[in-house]
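With the sequences and hints as input, model every part of the structure.
Number of protein chains: 2
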Amino acid sequence: MERLDPTVTNPDAYSVVFENDRVRVLEYHDAPGHRTTPHAHPDSVMVTLSSFRRRLGSGTHEVEVELPSGVARWIGAQQHYGENIGDTETHCLFVELKDVGGTRDGQLGPAEH
Amino acid sequence: MERLDPTVTNPDAYSVVFENDRVRVLEYHDAPGHRTTPHAHPDSVMVTLSSFRRRLGSGTHEVEVELPSGVARWIGAQQHYGENIGDTETHCLFVELKDVGGTRDGQLGPAEH
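In order, the protein sequence lines correspond to chains A and C.
For the first sequence, the working numbering assigns the number 28 to the initial residue and increments by one for each residue that follows.
For the second sequence, the working numbering assigns the number 28 to the initial residue and increments by one for each residue that follows.
Treat the hints loosely; a few may be bogus.
Note that identical chains are pooled: a pair holds if it fits in a single copy or bridges any two copies.
Stated by the list, open to error - Derived lysine to aspartate or glutamate pairs resembling EDC-like cross-links, with alpha carbons at most 20 Å apart:
no., residue 1, residue 2
1, K125, E89
2, K125, D48
3, K125, E46
4, K125, D32
What the hints contain is simulated information worked out from the structure, not anything from laboratory work.
Being a predicted model, the structure only gives us computed values, none of them experimental.
So, in structure tokens, the structure goes:
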């Protein structure tokens, strides 16, 4: 795989919770001011375990997102970097889907169209 | 589909957060003493949003599980009922996988083998 695996690009923030043949579950944890390098997500469901405010950028445009704890969002396959622009830690889980194919409906961050 | 959809069998506890062509995300919420009727889960990832203690039964055997808040567990496709046997609410999300196939590795509850 040539994609930028976030557990390789940003191992300080991303760790593997478990993996099987259908999913890989990642845990993300950072502190205010933290910024990741660019990395790629396959089609995923993100579940927030804290409230947070972040800037997500793809190189061509940026979006700011603010989410409460305990919500789920669809993250269509995309490459981006993320910056914690709030005053709380960011803590969330990603359920990465392994099967080929996917949608971009309702995705949260910037996508490479 | 002939499976026992938990949003149909137990709409008091299960609701749909969102759905697309790859996943359906359910929210589960109950109070101590609550017991569901039998229902079916496809291969899913459960993320706990509260700590809880539950009894899961398949008709042939039962298991008790106790989990903290903020963890992810693989739920291999299975049919069961669940009972809140703790003294806290159960609050969690299910990321149901729509694609065919699946594994039973590391599943949490009782399975029909």
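Hint by hint, here is what the structure shows:
no.: 1; hint: K125 <-> E89; verdict: neither (27 Å within a copy, 31 Å between copies)
no.: 2; hint: K125 <-> D48; verdict: both (7 Å within a copy, 14 Å between copies)
no.: 3; hint: K125 <-> E46; verdict: both (10 Å within a copy, 17 Å between copies)
no.: 4; hint: K125 <-> D32; verdict: within (13 Å within a copy, 24 Å between copies)
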